[in-house]
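Visitor: Read off the chains here:
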Amino acid sequence: MAFISSGYNPEKPMENRITDIGNRHYGEFLPPIIKKNFGKWIWHEILEPGVLMHKAESGDVVYTVRVGEPRLMTVQYLREALDIADKYCDGYLRFTTRNNIEFMVDSKEKLEALKKDLKERKFPGGSYKFPIGGTGAGLTNIVHTQGWIHCHTPATDASGTVKVVMDELFEDFQKMRFPAKLRISMACCLNMCGAVHCSDIAILGYHRKPPMIDDEYIDKLCEIPLAVAACPVGAVKPKKKKIISERTGEEIEVKSVEVNQERCMFCGNCYTMCPSMPLADHEGDGIVIMAGGKVSNRITAPKFSKVVVAYIPNEPPRWPTLAKTIRKIVDAYVKGAKKYERLGMWAERIGWEKFFEVCDLDFSHHLIDDFRDPAYYTWRQTTNFKFIENFPYEYNKMKGDIILKAK
Amino acid sequence: MPKHETPLLDQLISGPWPSFVDDLKTYAEYRRKNPNNVEYQIPEDVVDDLLGVLELSYVDKETHWKHGGIVGVFGYGGGVIGRYCDQPEKFPGVAHFHTMRINQPNGKYYSTEFLRGICDLWEFRGSGILNMHGSTGDMVFLGTRTEQLEEVFFELTHKFNQDLGGSGSNLRTPSCCLGMSRCEWACYNTQEAAYQLTHEYQDELHRPAFPYKFKFKFDGCPNCCVASIARADLSVIGTWRDEIQIDQEAVQAYINGEIPPNGNAHADGDWGPFDIQKEVIDLCPTGCMRMEDGKLVIDNKNCVRCMHCINVMPRALRPGNDRGASILVGAKAPILDGAQMSSLLVPFMKMEEPFDELKELIENIWDWWMEEGRNRERLGELIKRKGFRELLKVTGLKAIPQHVKEPRHNPYIYWYEEEVPGGWQRDIKEFRKRHLR
Ligand code: HEM
Ligand code: HEM
Ligand code: SF4
Ligand code: SF4
Ligand code: SF4
Ligand code: SF4
Chain A
1 MAFISSGYNP
11 EKPMENRITD
21 IGNRHYGEFL
31 PPIIKKNFGK
41 WIWHEILEPG
51 VLMHKAESGD
61 VVYTVRVGEP
71 RLMTVQYLRE
81 ALDIADKYCD
91 GYLRFTTRNN
101 IEFMVDSKEK
111 LEALKKDLKE
121 RKFPGGSYKF
131 PIGGTGAGLT
141 NIVHTQGWIH
151 CHTPATDASG
161 TVKVVMDELF
171 EDFQKMRFPA
181 KLRISMACCL
191 NMCGAVHCSD
201 IAILGYHRKP
211 PMIDDEYIDK
221 LCEIPLAVAA
231 CPVGAVKPKK
241 KKIISERTGE
251 EIEVKSVEVN
261 QERCMFCGNC
271 YTMCPSMPLA
281 DHEGDGIVIM
291 AGGKVSNRIT
301 APKFSKVVVA
311 YIPNEPPRWP
321 TLAKTIRKIV
331 DAYVKGAKKY
341 ERLGMWAERI
351 GWEKFFEVCD
361 LDFSHHLIDD
371 FRDPAYYTWR
381 QTTNFKFIEN
391 FPYEYNKMKG
401 DIILKAK
Chain B
1001 MPKHETPLLD
1011 QLISGPWPSF
1021 VDDLKTYAEY
1031 RRKNPNNVEY
1041 QIPEDVVDDL
1051 LGVLELSYVD
1061 KETHWKHGGI
1071 VGVFGYGGGV
1081 IGRYCDQPEK
1091 FPGVAHFHTM
1101 RINQPNGKYY
1111 STEFLRGICD
1121 LWEFRGSGIL
1131 NMHGSTGDMV
1141 FLGTRTEQLE
1151 EVFFELTHKF
1161 NQDLGGSGSN
1171 LRTPSCCLGM
1181 SRCEWACYNT
1191 QEAAYQLTHE
1201 YQDELHRPAF
1211 PYKFKFKFDG
1221 CPNCCVASIA
1231 RADLSVIGTW
1241 RDEIQIDQEA
1251 VQAYINGEIP
1261 PNGNAHADGD
1271 WGPFDIQKEV
1281 IDLCPTGCMR
1291 MEDGKLVIDN
1301 KNCVRCMHCI
1311 NVMPRALRPG
1321 NDRGASILVG
1331 AKAPILDGAQ
1341 MSSLLVPFMK
1351 MEEPFDELKE
1361 LIENIWDWWM
1371 EEGRNRERLG
1381 ELIKRKGFRE
1391 LLKVTGLKAI
1401 PQHVKEPRHN
1411 PYIYWYEEEV
1421 PGGWQRDIKE
1431 FRKRHLR
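Chains as they are written, first to last, in our numbering: chain A, 1 to 407; chain B, 1001 to 1437.
For reference, chain B alone in the conformation it holds in the complex (with noise of 0.2 Å):
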C-alpha cells in the first residue's frame, strides 16, 4: 500500500513518455519490500515521502523544498547542495534530501559494472533516485542525509575512484560531446580536453575561490551538440582553416538520389528529391559554393564553416584535415543582466595535449576575473562592464576583424593615453598663449 495517496500525480502515469511517476512508484514499492534485505542507511520510506510532498506541490502550486543550508563534505566547498522539506513532520522520509553532484566520465559512456555499484550504494545510503544527468552533466543523487554525505564520498573515493563535481561558485564539472568516440566531425579530442582540465583544475572545482560559478564546455564542431556557446564563461568548439575534403563521386551518389541527404535526417517529410542547389548551394551563408562541370567546388577562403552542406552531404564532404578550436568566452543565462552567448576571442588554437596554450589562456583570464569581478559577476559581465579591450589587455591578444560583427557604432573611443603623442598632461598657460581667453 502506496503510503500517500497522489491522484494528481497519478494523472501522469498514462501517457506513451516514460512516467516517472510510475518509475517512483514502482520503486517506492520495491523499497518497503526491500527483496535483497539492504541495510537502508536512511529512511525505507523516503520515496514514498517524495511522492507525498511532490503531490502536495500538486495541490498547492507551490513548492516545499527550504534554502539548502551549508551542507557538503570535508574541505570541500561544491559537489553537495542542501534540501530540507517543509513539511518535516508530514514527510519525515525526506525531512533531509541533499543532493551530491557525481562527476560523469566525459562523454557520458559507462560500463554496467560500474553504474551497477553506484546503484547499489545510492540504494544503501541514499533515495536511489537520480538524475542521468543534471544539465552541467554530472550524474545527481537527489536525496540523502547529512550523516550519509560523508558515507557516500568515502565510499565513492575509495571503491570507485570517484570524485564529486563542482557546484557553488567554482568551476563546475566540465563537460563535452562524444567527440571523436563516435562522431566523424570532431576537430580534436573532446572526452580528452574535458578530462584533462578537469583533472589540472581540481581546487577550482572543490574549493570556491571565484567571484561566481565558471563553465568549460568543449564541442567538437560548430554543431555544438553541448551548446558551449549558449552555456559556458569559455567555450571551446572545434574548427578547421584547411578545405573541406570532397569526395566528387559521392556528391554525384547524392544528386542521383542514391544517398538520402542529411543523413536520412528528413526520412518521414515528404520533401521530394534532393536538389543540390536549393538545399546546399543556395543555402551557404557565403554563397561560396557552386557546381563546375558536374562537379562541386567549394571557394574555402570564403566558407565559414558553418556546418550545414557537411550535416547534408555526410558521405561526401568532411571537415578540413588542419584542425583545432575556436575559443569564445563568456557565455551565461539571463541572471542578471540578460542573456549573453559567448564571443569570438581566439579564432584558432591547435587542441594538442596537454593543451598548455588552453591552459594559458584560461589562466590569465582568471587571474582577472579573481582580481576584477565583483561578487557574482559572471565572466560576461565582466567584459560588458570593463570592455572588450580590457580582455584583450589581459590576455595579451591583438584585436583583430574577427572580433566583431560589424565595428563600433559610435566615435566613443577610449584612447590610452600612451597612444597619444605628447600623453594628456598639457599645460594650459601655454595653451592660452595660442587661443586667448
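One chain only, chain A, in its complex shape (with noise of 0.2 Å):
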C-alpha cells in the first residue's frame, strides 16, 4: 500500500488549488431525449407498477423503469447499474430523492429487454439488486439515515430496519393498491436527517435513558458552556463535583455538569455538543412509530407526522415487533381509506381515536403532548369524540396507574 499523491502538495496546500467551483452543470447528464424535449413534457402514464411513459410535443416519447436501491452501496453495486445504462441508456442514469434509479428508454424494445434483464440480477443472497416498483398508489423506497454504519448519536440502525420493513412490505413496492401513495422514511436520532416529521409512517430511533457523565474527562473534552447551552429543556447546569480519578485513585475536585433527570426528553443535544454525555443504552434505545404526515399541497395542506407508537425494543437484525406494527397499519389504511386519501387524512376523516381502534395499536400517557404552546391544540376541546371499544372511557373503567412498569 504505497502512498500515491494526487498532486496535492501539503507543504504548500494553496499551490494549484481549485476551490469554490460547485457541482457540475446538469445540462451536461441529461439523456439526448430528455435535453431535446426539455420543459416540453405534455403528459405521463405509469404503464405498470415501476415504469413510466413520458410524452413531449414533439411526439417523442421516453419510458422509464424506476428501481429500487439499498441507498447505501458499494461502487461494485454502483458500476453494475452503470453496466446496465450503457447497454440500454445510452450511458445515463438518474437517481431520485427517495433513493430509486431511474433508467430511461425511448423504445418499447429496449423497455422490454432493459425490463427483463433487471428482473434476473439478483445478490448472492437471493435479494434483487434492481426491483422495478416504487410508482404511483403503492409504496416507494424509505429514505433514511446512517444509523449503527456511520454516526455517533443513533438510537438504531437505519439499513436494517429499512430492509425488514422493505422485505416485509416488498409486495407493494410492485404493486399500486393503496388508495394514494405511502410514503415511509427513517431518522435513526431525533436529529432527523431525514426529516421524518411528514411522512405517512416514520422510522424513528429514540432515547430513554437521560446522559451519563464522564466527569473526569468532561471538562477536557467538551466546552461546558456549550453543552448547558445545547439542551433545550435547561436540565443540564454546570457543578463542581468530587470524584476519585480513575487515572490516579485520589480525591479530586472537577468542574463538570448536572442533568436534571425528570426534565430531560432523551434528545441527545447535550451529547451531540459534548462526547462526554453519552445517552446510548441497548434496554434504554429503541424505535417510535409516526404516521399521518405528508408534504404535498394536494386536497389538504402539507402535514406533521403524529406520534402513535411510543416505543418499539431494538430487536436486530430483523425488528420482528417493527416490522408487525407497520404492517398491522398499512393493512387498516389499505382497508379503510378512500381513494386518494393519504394515510394522515384518512386518520382525521375516521378520527385518531378511531385510528388506534382499526390499527389496534396501544395508547398510553406517551402520546399525550405535553411539550410547549402547541401541545394544548392537540388535546381535545370539544364533546365530539367516537366510543370505541378496546380503551376503557367510563369514570369508574379508566382507574388506574398511568405508569408502565419496565420488565
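Don't take each hint at face value.
DEER-style ranges, computed between Cβ atoms [stated by the list, open to error]:
(1) H1409(B) x I42(A): 41 to 47 Å
(2) E1372(B) x M14(A): 32 to 38 Å
(3) H1409(B) x D369(A): 30 to 36 Å
(4) R372(A) x Y1414(B): 20 to 26 Å
(5) S107(A) x N1375(B): 54 to 60 Å
(6) Y1414(B) x K255(A): 39 to 45 Å
(7) G1287(B) x Y393(A): 33 to 39 Å
Here are the simulated lysine to any residue pairs, SDA-like style, with alpha carbons at most 20 Å apart [unchecked claim]:
(8) K339(A) x W1271(B)
(9) K119(A) x E1147(B)
(10) K1159(B) x R24(A)
(11) K306(A) x R1323(B)
(12) K339(A) x I1276(B)
(13) K1066(B) x D281(A)
(14) K1278(B) x C1306(B)
(15) K122(A) x K1066(B)
(16) K335(A) x G1269(B)
(17) K1359(B) x I21(A)
(18) K339(A) x V1071(B)
(19) K1405(B) x I21(A)
(20) K1301(B) x K12(A)
(21) K40(A) x H1158(B)
(22) K338(A) x Q1277(B)
(23) K1350(B) x K36(A)
(24) K1033(B) x F123(A)
(25) K324(A) x K1090(B)
(26) K12(A) x E1147(B)
(27) K12(A) x K1278(B)
(28) K1359(B) x D20(A)
(29) K1159(B) x A301(A)
(30) K12(A) x H1158(B)
(31) K116(A) x P1016(B)
(32) K1213(B) x A229(A)
(33) K209(A) x P1334(B)
(34) K55(A) x I1246(B)
(35) K122(A) x I1013(B)
(36) K1384(B) x M345(A)
(37) K1159(B) x P13(A)
(38) K1405(B) x K335(A)
(39) K1384(B) x F371(A)
(40) K1405(B) x K40(A)
In case anyone wonders, no lab produced these hints; they're calculated from the structure. Note that beta-carbon positions come from the ideal geometry of N, C-alpha and C, so glycine has one too.
Taking the hints as your guide, dock the two standalone chains into a single complex.
Guide: So this is what it looks like as C-alpha cells:
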C-alpha cells in the first residue's frame, strides 16, 4: 500500500488549488431525449408498476424504469447499474429523491429488454439487486439516514430497519393497490437528518435514558457552557464535583455538569455538543413510530406526522415487532381509506381515536403531547368523539396507574 | 474467507429487498482479491471491518462510532464529517472512517462516464462505500482516512471539475426536483435555480458564517417531490396565477374510461369505473369545479392550486401559463423547539434567470438572521422568537391576508410607536389635569 499522491502538496496547500467550483451543470448529464424535450413534456402515464411513460410535444416518448436501491451501496453495485445504463440507456441514468434509480429508454423494444435484464439480477443470497417498482398508489423506497453504520448518536440502525420493513412490504413496492401513495421515512435519532416529521409513516430512533456524565473528562473534552446551552429544556447545569480519579485513585475536584433527569426528554443534544455525555443504551434505546404526515399540498395542506407508537425495542437483526406494527397500520389504512386519501387524511376523517382502534395499537400517556405551547392544541376541546371498544372510557373503568412498569 | 463472523447481519441477506449486507460482503471479498491490482490507499480490509463493527452494534444494540473531531480540507468549514471507531484495535480498517459530501448534479442525472470515474476514485482512495444519496441530496462517500481527504478533494476538483457539498453551520447543498427535465408540471426550471444559487453562494456553502445550517430546496409544483415545505429554511414551490389549461376532449376521454385516471397510479386497486364527480369535483378543496353542459368548468379565482385535479387527469388539465413560484420560509425538523413547516412569505415570484429577486430576498433574510440569530437557531425559530412582522420588516414586504390561515386569536397587538398618533412619550402632569389622583 504505497502512498500515491494526487498532485496535492501538503507543504503548499494553496499551490494549484481549485476551490469553490460547485457542482457540475446538469445539462452535461441529461440523456439526449430528455435534453431535446426539456420543458416540453405534456403528459405521463404509469404503464405498470415501476414503469413510466412521458410524452413530449414533439411526439417523442421516453420510458422510465424505476428500481429500488439500498442507498448504502458499494462501487461494485453502482458499477453494475452503470453497466446497465451503458447497455440500454446510452450511458445515462438518474437517481430519485427517495433513493430509487431510474433507467430511461426511448423505445418499447429497449424497455422490454431492460426490464427483463433488471429482473434477473440478484445478489448471491437471492435478494433483488434492482427491484422494479415504487410508482403511483403504492409504496416507494424508504428514505433513511446512517444509523449504526456511520453515526455517533443513533438510537437504532437505519439500513437494517429499512431492509426488514421493505422485505415485509415488498409486494406493495411492486403494486399500486393503495388508496394513495405511501411514504415511509426513517431517521435514527431525533436530529432527523432524514426529516421524517412529515411522512405517512415514520420510523424514528429514540433514546429513553438521560445522559451519563464522564465527570473526570468532561472539562477536558467539552466546552461546558456549550453543553449547558445545548439542552432545550434547561436540564443541564454546571456543577463542581468531588470524584475519585480513575487515573490516580485520588479524590479530586472537577468541573462537570449535573442533569435534572426528570426534565430530560432524551433528545441527545447535549451529547452532540459534548462527547462526555453519552445516552446510548441497549435497553433504553428503540423506535418511535409516527404516522399521518405528508408534504404534498394535494387536497389538504401538508401535515406533520403524529406519534402513534411510543416505543418498540431494538430487536436486531430483523426487528420483528417493528415490521409487524407497520404491517398492521398499512393493512388498516388500505382497508379503510377512500381513493386518493393519504394516511393522515384518512386518520383525520375517521378520528385519531378510531385510528387506534382499527390499527389495534396501544395508547398511553406518552402519546399525549406535553411539549410547550402546541401541546394544548392537540388535546380535545369538544364533546365530539367516538366511543371505541379497546380502551376504557367510563370513569370507574379508567381508574389505574398511568405508569407502565419496566419488566 | 470473511475476516469477521457476522451471524446477525447474515440474517439480512434473505428477503427480496436489495440486501446491503450481501452487497458489502461481496465487495469485501472483491477487495480482498483485488482483481485489478488497485493500490488501495486505505486498508484493504476496510469493508470487512465495517461489517465487523456493525455486527458488534447488532450484538450490543449501541453504536460504535465516536464524535467527529475536526477534520476537513484546507479553507473549507464543511463537506467533511469526521468519524472514528471506538474499537480501533478490533477494527483497524475503520479506525478513521470520515465522510465526504459531494455536491450532486441538480436533478441527479448522471453520465456513466462521470460515475465510473467517481467509483474508481473512491475505490482507490476510500472504502468504495457510498450513499446514493444522502438526505440533503449530496453523494456521500462513506469512510476514508484523514490523510486521504486532501487527495480526494484534489482529484475531485482537478480531474472531475467537481466540488464538495455543505455541512455544518453554513448553506447546505441546495437540491431540487427533476423539474422541467421530465415533469410536465414544473412551473419553473428547478434545476437551473438550484444550480445558479449553488454557484452564487459558494462562499456561504463552504465557510460557516451562519448561526446554524440553512437549506434551500426547489420544488417545481405544489406536489413537493423534494419536500421543500418540510425540509428547507427557504422553500421555493412552483405555482401559476392564471387559469388551469383544460382540454375538454381529454376530459371526455377520462369520463368515458378511455384514459386511466391519475396516470394509472391506481391500477391494482379495485376502485370501479372513474367518476369525475366523486374523484375530482367533490374532492376539490375549494369546491371550485363543476360540470356544465357536459364541459368541465373551473372557477380559477377560487382555485388554490392544490394539484389534485391535475394529478387525476394529467392529459386533460395542465397548470396555467403565467408561472412562477411561491416562497415559504422556516421549515425544520423537531430539534430543538418542535418541528416547523415553512410559512408563506411571497405568494408569487417570477422565476427567471438570473433569479435576482430571489437572491435579494435571500440576502435580506440572511443579513437579519446573521445579525439576530442565536447560536444554533434556525431561521424558523428566529421568526417565531421575533415575530412574523420582524421578518416582513427586514425583507421590506407588506403584510397581506395570504400570510395567515386565520387572523390572530388575541388582541395583544404590538404597535410600533410611529403608528400611534402622538407617539408614546406623554406627560403625566397633563394627564393628572384631566384625572385626579
Ligand atoms: C442538533 C442537531 C443536529 C446534529 C448534531 C446533526 C448531526 C449530524 C451528523 C453528525 C450527521 C452525519 C451523520 C454521518 O454521516 O455520520 C448528520 C447528517 C445529516 N443531517 Fe444532521 N444533525 C442535526 C440536525 C439535523 C436536522 C434538523 C436536519 C434536517 C432537517 C439534518 C439533516 C441532516 C442530513 C440530511 C444529513 C445527511 C445524513 C444522511 O444522508 O444520512 N440534521 N447530521
Ligand atoms: C401575554 C402576556 C399576558 C397577558 C395576555 C396577560 C393578560 C392578563 C389579563 C387579561 C388579565 C386580567 C385583567 C382583568 O381581569 O382585568 C391579567 C391579570 C394579571 N396579570 Fe397578566 N397577562 C400577561 C402577562 C402577565 C405577566 C408577565 C405578569 C406578571 C409578571 C402578569 C401579571 C398579572 C397579574 C398580577 C394579574 C392580576 C391583576 C389583578 O388581579 O388585578 N401578566 N393579565
Ligand atoms: S438521524 Fe441522528 S443518528 Fe441518524 S445519521 Fe442523523 S444525526 Fe446520526
Ligand atoms: S438529552 Fe436533551 S433533554 Fe436530556 S439533558 Fe441532554 S440535551 Fe437536555
Ligand atoms: S414537485 Fe411537481 S414539478 Fe417537481 S417533480 Fe414533483 S410533480 Fe413534478
Ligand atoms: S387545483 Fe385543486 S383547488 Fe384548483 S381546481 Fe384543481 S382540485 Fe380544485
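Visitor: Run every hint past the structure and note whether it holds.
Guide: Going through the hints against the structure:
1. Roughly 46 Å separates the CB atoms of H1409(B) and I42(A), a value that falls within the hinted 41 to 47 Å.
2. Look at E1372(B) against M14(A): about 35 Å separates their beta carbons, and that is inside 32 to 38 Å.
3. In this structure, H1409(B) and D369(A) break the distance hint of 30 to 36 Å, their C-beta atoms being roughly 19 Å apart.
4. The beta-carbon spacing between R372(A) and Y1414(B), approximately 21 Å, falls within the hinted interval of 20 to 26 Å.
5. For the hinted restraint 54 to 60 Å between S107(A) and N1375(B), the CB-CB distance of approximately 57 Å keeps it satisfied.
6. Checked against the given bound of 39 to 45 Å, the beta carbons of Y1414(B) and K255(A), roughly 42 Å apart, stay inside it.
7. With their beta carbons about 36 Å apart, G1287(B) and Y393(A) fall inside the hinted range of 33 to 39 Å.
8. Distance restraint check for K339(A) and W1271(B): the Cα-Cα separation of roughly 7 Å lies within the 20 Å cut-off, and the hinted pair is therefore satisfied.
9. Between K119(A) and E1147(B) the alpha-carbon distance is near 41 Å, which puts this suggested pair outside the 20 Å criterion.
10. For the hint pairing K1159(B) with R24(A), the CA-to-CA distance comes to about 12 Å; that is within 20 Å, so the pair holds.
11. With a C-alpha separation of about 34 Å, the suggested pairing of K306(A) with R1323(B) is violated against the 20 Å cut-off.
12. Annotation: proposed proximity of K339(A) to I1276(B) holds, straight-line Cα distance about 13 Å (limit 20 Å).
13. For the hint linking K1066(B) to D281(A), the alpha-carbon distance of about 15 Å falls within 20 Å, and the restraint holds.
14. With a C-alpha separation of about 17 Å, the suggested pairing of K1278(B) with C1306(B) holds against the 20 Å cut-off.
15. Restraint check: the Cα-Cα separation between K122(A) and K1066(B) comes to about 35 Å, which exceeds 20 Å; the hinted pair is violated.
16. For the suggested pair K335(A) and G1269(B), the alpha carbons sit about 11 Å apart, so the restraint of at most 20 Å is met.
17. The hinted pair formed by K1359(B) and I21(A) meets the criterion: a straight-line CA distance of about 19 Å does not exceed 20 Å.
18. As the CA atoms of K339(A) and V1071(B) are separated by approximately 51 Å, the hinted pair breaks the 20 Å bound.
19. The straight-line distance between the Cα atoms of K1405(B) and I21(A) is roughly 42 Å, outside the 20 Å bound, and the hint therefore fails.
20. For the suggested pair K1301(B) and K12(A), the alpha carbons sit about 63 Å apart, so the restraint of at most 20 Å is broken.
21. Our distance criterion of 20 Å between C-alpha atoms is broken by K40(A) and H1158(B), whose separation comes to about 35 Å.
22. Note on K338(A) and Q1277(B): the hinted pairing holds, with a Cα-Cα distance of about 14 Å set against a maximum of 20 Å.
23. Restraint check for K1350(B) and K36(A): not satisfied, since their Cα atoms lie roughly 24 Å apart, outside the 20 Å limit.
24. At roughly 18 Å between alpha-carbon atoms, K1033(B) and F123(A) fall within 20 Å of each other, so this suggested pair holds.
25. For the proposed pair K324(A) and K1090(B), the alpha carbon gap of about 35 Å is over 20 Å, so the pair is violated.
26. Restraint check for K12(A) and E1147(B): the C-alpha separation of about 15 Å stays at or below 20 Å, so the hint holds.
27. Note on K12(A) and K1278(B): the hinted pairing is violated, with a Cα-Cα distance of about 70 Å set against a maximum of 20 Å.
28. Restraint check for K1359(B) and D20(A): satisfied, since their Cα atoms lie roughly 18 Å apart, inside the 20 Å limit.
29. Restraint check: the Cα-Cα separation between K1159(B) and A301(A) comes to about 46 Å, which exceeds 20 Å; the hinted pair is violated.
30. The hinted pair formed by K12(A) and H1158(B) meets the criterion: a straight-line CA distance of about 16 Å does not exceed 20 Å.
31. As the CA atoms of K116(A) and P1016(B) are separated by approximately 17 Å, the hinted pair is consistent with the 20 Å bound.
32. For the given pair, K1213(B) sits about 17 Å from A229(A) by alpha-carbon distance, which is consistent with the 20 Å threshold.
33. Taking the CA atoms of K209(A) and P1334(B), the gap is near 19 Å; set against the 20 Å cutoff, the hint holds.
34. Straight-line distance between C-alpha atoms of K55(A) and I1246(B) comes to about 17 Å, which keeps the hinted pair within the 20 Å bound.
35. The straight-line distance between the Cα atoms of K122(A) and I1013(B) is roughly 11 Å, inside the 20 Å bound, and the hint therefore holds.
36. Of the pairs offered as hints, the one joining K1384(B) and M345(A) is violated, with about 27 Å between alpha carbons and a cut-off of 20 Å exceeded.
37. Restraint check for K1159(B) and P13(A): satisfied, since their Cα atoms lie roughly 17 Å apart, inside the 20 Å limit.
38. Distance hint between K1405(B) and K335(A) is unfulfilled; the C-alpha atoms sit about 33 Å from each other, more than 20 Å.
39. The hinted pair formed by K1384(B) and F371(A) meets the criterion: a straight-line CA distance of about 16 Å does not exceed 20 Å.
40. For the proposed pair K1405(B) and K40(A), the alpha carbon gap of about 35 Å is over 20 Å, so the pair is violated.
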